[in-house]
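Chemist: Take a look at the letters that make up each chain.
Protein chains: 4
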Amino acid sequence: MSSPPPEAPSPEDIGSRYARIRGDTLTLAAPLCAQDAQVQSMAQASPTKWHLAHVTWFFETFVLERFEHPFAPFDPRYRVLFNSYYQGVGAMHPRHQRGLITHPTWEDVLRYRSAVDARMQALLHACPDRDGLAGLVTLGLHHEQQHQELVLTDIQHVLSFSPGHPPYAAPGPRAAHGAGPLRWFGYAGGLIECGHDPARDGTFCFDNETPRHRTYCAPFEIASRPASCAEYLAFIEDGGYQRAELWLSLGWEWLCDGARRAPLYWQNQDGAWTHHTLYGTVTLDPHAPVCHLSYFEADAYARWAGARLPTEFEWEHAARSLRAGTGAHLGGQGIFHPLAAPDDDDQPAQMFGDVWEWTQSSYAAYPGYRPLPGAVGEYNGKFMCNQYVLRGGSCATPAGHIRASYRNFFAPDAQWQFCGVRLARDAAPALTAPT
Amino acid sequence: MSSPPPEAPSPEDIGSRYARIRGDTLTLAAPLCAQDAQVQSMAQASPTKWHLAHVTWFFETFVLERFEHPFAPFDPRYRVLFNSYYQGVGAMHPRHQRGLITHPTWEDVLRYRSAVDARMQALLHACPDRDGLAGLVTLGLHHEQQHQELVLTDIQHVLSFSPGHPPYAAPGPRAAHGAGPLRWFGYAGGLIECGHDPARDGTFCFDNETPRHRTYCAPFEIASRPASCAEYLAFIEDGGYQRAELWLSLGWEWLCDGARRAPLYWQNQDGAWTHHTLYGTVTLDPHAPVCHLSYFEADAYARWAGARLPTEFEWEHAARSLRAGTGAHLGGQGIFHPLAAPDDDDQPAQMFGDVWEWTQSSYAAYPGYRPLPGAVGEYNGKFMCNQYVLRGGSCATPAGHIRASYRNFFAPDAQWQFCGVRLARDAAPALTAPT
Amino acid sequence: MSSPPPEAPSPEDIGSRYARIRGDTLTLAAPLCAQDAQVQSMAQASPTKWHLAHVTWFFETFVLERFEHPFAPFDPRYRVLFNSYYQGVGAMHPRHQRGLITHPTWEDVLRYRSAVDARMQALLHACPDRDGLAGLVTLGLHHEQQHQELVLTDIQHVLSFSPGHPPYAAPGPRAAHGAGPLRWFGYAGGLIECGHDPARDGTFCFDNETPRHRTYCAPFEIASRPASCAEYLAFIEDGGYQRAELWLSLGWEWLCDGARRAPLYWQNQDGAWTHHTLYGTVTLDPHAPVCHLSYFEADAYARWAGARLPTEFEWEHAARSLRAGTGAHLGGQGIFHPLAAPDDDDQPAQMFGDVWEWTQSSYAAYPGYRPLPGAVGEYNGKFMCNQYVLRGGSCATPAGHIRASYRNFFAPDAQWQFCGVRLARDAAPALTAPT
Amino acid sequence: MSSPPPEAPSPEDIGSRYARIRGDTLTLAAPLCAQDAQVQSMAQASPTKWHLAHVTWFFETFVLERFEHPFAPFDPRYRVLFNSYYQGVGAMHPRHQRGLITHPTWEDVLRYRSAVDARMQALLHACPDRDGLAGLVTLGLHHEQQHQELVLTDIQHVLSFSPGHPPYAAPGPRAAHGAGPLRWFGYAGGLIECGHDPARDGTFCFDNETPRHRTYCAPFEIASRPASCAEYLAFIEDGGYQRAELWLSLGWEWLCDGARRAPLYWQNQDGAWTHHTLYGTVTLDPHAPVCHLSYFEADAYARWAGARLPTEFEWEHAARSLRAGTGAHLGGQGIFHPLAAPDDDDQPAQMFGDVWEWTQSSYAAYPGYRPLPGAVGEYNGKFMCNQYVLRGGSCATPAGHIRASYRNFFAPDAQWQFCGVRLARDAAPALTAPT
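Residue numbers (my numbering), protein chains in the order written: chain A, 1 to 435; chain B, 436 to 870; chain C, 871 to 1305; chain D, 1306 to 1740.
It is worth saying that the hints were derived from the structure and are not from the lab.
Just to be clear, a hint being listed does not mean it is correct.
Claimed, not checked - Across the chosen pairs, the derived CB separations fall in these ranges:
no.: 1; chain 1: B; residue 1: 530; chain 2: D; residue 2: 1680; range: 36 to 46 Å
no.: 2; chain 1: C; residue 1: 1152; chain 2: B; residue 2: 846; range: 37 to 47 Å
no.: 3; chain 1: B; residue 1: 599; chain 2: A; residue 2: 115; range: 56 to 66 Å
no.: 4; chain 1: C; residue 1: 1043; chain 2: B; residue 2: 567; range: 54 to 64 Å
no.: 5; chain 1: D; residue 1: 1332; chain 2: A; residue 2: 253; range: 49 to 59 Å
Glycine residues also receive a C-beta, built at the ideal position from the N, C-alpha and C atoms.
With these hints in hand, go ahead and build the complete structure from the sequences.
Modeler: Here is the structure:
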């Protein structure tokens, strides 16, 4: 991957980028009625309305409040209401009660967005990059894009509680081809570098991707594509959900407590499998990557398959050597579910897009990691406990938002994201070329 | 109370009554946006949307399905979705997930109401009273009126989770007068009759009000009005919420677990008390009846006051001897909160209306009680455990829906209804006149 | 039941009564090792060691502390440790952590008993009845007897968690006869008197049995004996645990949550029923009264049988007219499980003893009820909420501790006491003699 | 650390080692009465009695059952009762109900130990090392030693629930010296090797310490000793438990939920700090290492101190370069609490012994890790999720049981072990010698 030229934001650039990305969020919310946008289906997921307000709050609190003079809040109550988890900003509305906020209404929140957008544009034209303004705006836009993905995964969860699982969107395309046989690509490993170096790379990254640092990888192999639904079905049919020896101890407890027998959203009626997707309830595409797996399921599947999950460093190492080409991302094509992997390539397919890939790596600070100064330092660092890293983005990740060093993270029981599994395995030291 | 003439429903009568009461429900919902109508603030309360659908389901399931030929359901999925608790009808949507049903939408539910209303009117004109049709429709309309009260109490609870506690309605009138000093009315008691006798009374009642039966009451006295906010404040200021000896054991646990210091919706800011009402947040009217008390609070207050709660039989006995005159009810005057009691009367004031009055009586079957046949028999009987009887209706009870024998019931920790307390005490046998 | 002569405690009498009843407690504990006596199997049950200390604490706190001069506590820490629920006495050790008190040890507690016993005897000889001493000692001895029953029911629960359910005692006798067919005894009812009048009766009772008062009962019938295991098995085999229409709503939830299919301690292995008793695991005696029923089960069984539970007033009325003769009680015969009812009688059998009989009456204050003054007033009154009355005592109730007016009470889901069910039903007014 | 000669177990050697270690367990239990040994204070801790039976079960199940012919179980019910978590062996008694097993009794368990010991000795003499017998026995003895530590930490927890916190042992020695000022030792890092290589090292290790493998460490520094109580007090007094910015998000939740203000067992009475130890309640030694910290507390303390936790690889790297010398271990000197660190050394003190040291490393499989074959493979591998690695052993770890590659692991909220904190920090690349 050649190094792109350093990002050089001009007043126009950042203003139009702001307008485009903020507009994308509204486009995503367009199919929803105010009722869909209101409710909260579990503590970990938020209402669409709350998402749209919170990302606006981010700009108001971290940009306008600092750079706009004189500053007056749109509504002082919003400071608490739409604060997600920033202790440095003050009090926050209880997370599990976000769905109970009927006032401000959907319309109020849209007005809040418009007002903040107007003020942001004025600010960006007046003082394009004073004292880190551009950096904070860029952070806010990447933050907005993260919530675009959450809008989709959270509304999918909401709609799964209505009878018949109403669709968010019209069915998108299915891949014309099937998934080919699983192959393995080998890597020599050694002392490699991981993480993002903003100074060298000149592009944005989150603080948790830094600093770029050395790590050692033994030779390894990585699968040519994520595991498919057909492959995962073989695991189920081989008693995968009944065999304790395949599971982590916490995973087995989780499985027993929930009487789980299949991934989230899967339903078996008279032997036929369907699943709830953003297209509504559809039959399973055996060729498409399996998704909505917890870490526990991904780990058990890998053990059953005689393989393992990659480390996040193996994954990043493999991803950095890719020549272009990625899978499905969010961005206009009407694709809201992973597609079957192409098979004709001489490199791993779908490393980016389609499904987030669980790694075996606990989410932890890189050596020398420093959070951002101030309250935005709470963005990433304080969550580095009992979560696992996912890599590569999904069909719901905005195109252009993902990169090789990007670290997503969720608790090991989280299933409602587009999370899949790509197998890895140890390689004999000699193996350095694709098998 | 003189016996009214027996109800004699004609096709027109019941049809217009149906239209009027069904219309009242829509009127109540009119101030709400679809988002307000969507959410569920706790398992015991339901979304307005669900209420409006459920009462419609009642007519569809218990009337249309039986009397309409051929019958086809409006939507077969509604049978499960809007079944509250009738095991005899089949499966039901989990109660605590009623707020997650975004589809059918608010508009769908309004269409459902219109469709069922049209079919009901057709049916009522075609076969006015075949095989108990009128009886079931009457039951359905009283059921609808019960849910009218719940629409109000549940939306008040919902709105209490939005910042500033937005109002449901414009502030209603306050009483021109203050509450007078508490006086006592004495009753000789003896072997009295309680309950409703449909054959004799000729009017509707729920099955739990039957059969009319004899019971014995020792001489007792009953307070001239419900306890006022000022009186309840004296209890608070006397350490009422800190003195274990005033509370039932379960009540003390409940108080400690919730760190409670005042009734639901009360807030003390710098020494001044306000409370959240359907008018929004307002200052406390010291003359108005205290409401949003749990049974635990009503019981502790009575003990502190050197009195006790009345039994439901004492209450009914006193209520039956009233000459006309009741308190505030639901019905067009824009009153959505209890008003101060009038003082100029020679009988207990506000026995009906303003606040439900907790009695000390556990909700139980009357001697010889028989539930209605079929699934509607689940309406009342199966809840006769760990609940306490309330009497008299509230400002949110539709006018005409209440009567002396009417038994409402809630668990002893329920606060979100308009529940208050009227004191009672034992009397020396000679006391038979007001003191 | 003829009125016994008034109790006239002399110094000797009360001293020997004290010695005998305190000794009975030790006899009951004798079969247990210190480990059995240590553990707590659920929050509602207490360790034997704690029981033995608590009843001693009762005498130390309510008698010695008041009457002994100068008074010094055996160990000041015991005041908190062995206080059950008397807020008026001060702090208390958390109830669910009683089993974690390994120090004081079993031996310490036995020493505590000896020391308090010696001081009590000295006090009783010195000042036989000053200022209510005798009354408090009598209360303490009845308290001790209540805990004797709890020692048995709680240790049965403890032993049910050890493999093979080790016996507490060698198997006791089984009745030589089977239970005869169920018959009905009719009562005219009317305005009856219930409760205990200490002044008139001259004997001890708990405050919750007072005052004696009038109540009205319609004519009723009561079964000739408690329901037998065979009869309850017919309910099970008729799908009793699968038919929602037979259950109270809370009962059905309780049943579903616990996946219950039979009474506590029952086990079905390959079609054969055994149950865990104080004799260890034994085969079910189909003739013996069914026991370890919750209120929910008793109520559902009665509904299935086309009958109902008696009220506590019906029960007491029937019990007062008995000529002598009761069932099995605690007291030397080595009987620790209910026996089959005798059949040859012209009055209801086993009204006293064998199994406590659930009534449909919520545990509530009698009209005019006043708790005892001081902290002992917390003995009964504060529990009058969400509990149901049981009558008649069981095989684990000390002989002489029970009476017609005695009111036991438990929450409707409690099963670990010896609780059974005697059916009742409404009678035509004419029915006043056994059918 | 020079490579010790390979362990060469002879029949005599392993037999006497078996006798010695098994005897040590009984010595540890000797101060306890059967009641102490019975109870379970939380699900994560086990009764002493259960520990003593479980380690015996380990030999019976994994050694005798395989090598003894014919084999008959001591008691077939023990297979379930004392199985901790080995799904491969079959069913197991619920973990949180281990304290309810009063039968088998303490005496039964001692008999079980004797019987298995006799059979083990006979087996060891008959077939010293057939088919991996010696390996399994060695594993069983290390397993026994792990439970020796748990016997101590679990009984400390039990005793903390009795009033006055009775001592397990007479007070041990305090260090004659105070803890010196904290200094830093620097390490160049680089590509280092970690883990145990049984073939090369010739000594026992657990499977989770293998395979030995390369990893990369940037230059780092490590503190000269664990943090002392005085240092931790400074953190408390600086508002450490009130400042959200110092805590992981999960840690802050944990702190708020438990209203925590100090480490487990610490008590502040009128400004003076005491803590509950195995010596009973004693005043805090400001020089001794702070212990009973959760990972959350260790992490927050390090952040407050401007440092961080070491990785487990940094720790191991530093530990491997030590010249002899360790801290306090279990083994005869009557020391049951960490001692102040000596200060006169030119290397980090107390790397071994006194307190386990939290590392920032999530407990995970080493590259190429393979669990042991069969059910013993469940020993370590299945717990590799949501736990953090601790290194170095404590005052309760048997001498000789610890080594540089030893990996202990607990959930981040666990406090009841002897867990402390040694600070680490990044170093400039040039720093390779002690500062």
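Chemist: All hints, please: hold or fail.
Modeler: Hints, one by one, checked against the model:
A beta carbon spacing of about 44 Å between residue 530 of chain B and residue 1680 of chain D agrees with the range 36 to 46 Å that was offered as a hint. Separated by about 40 Å at the C-beta atoms, residue 1152 of chain C and residue 846 of chain B satisfy the suggested range of 37 to 47 Å. Between residue 599 of chain B and residue 115 of chain A the C-beta distance comes to about 19 Å, which lies outside the given range of 56 to 66 Å. At roughly 57 Å, the beta carbons of residue 1043 of chain C and residue 567 of chain B sit within the given window of 54 to 64 Å.
Between residue 1332 of chain D and residue 253 of chain A the Cβ separation comes to about 35 Å, which falls outside the hinted range of 49 to 59 Å.
Checked against the numbered hints above, the structure violates hints 3, 5; every other hint is satisfied.
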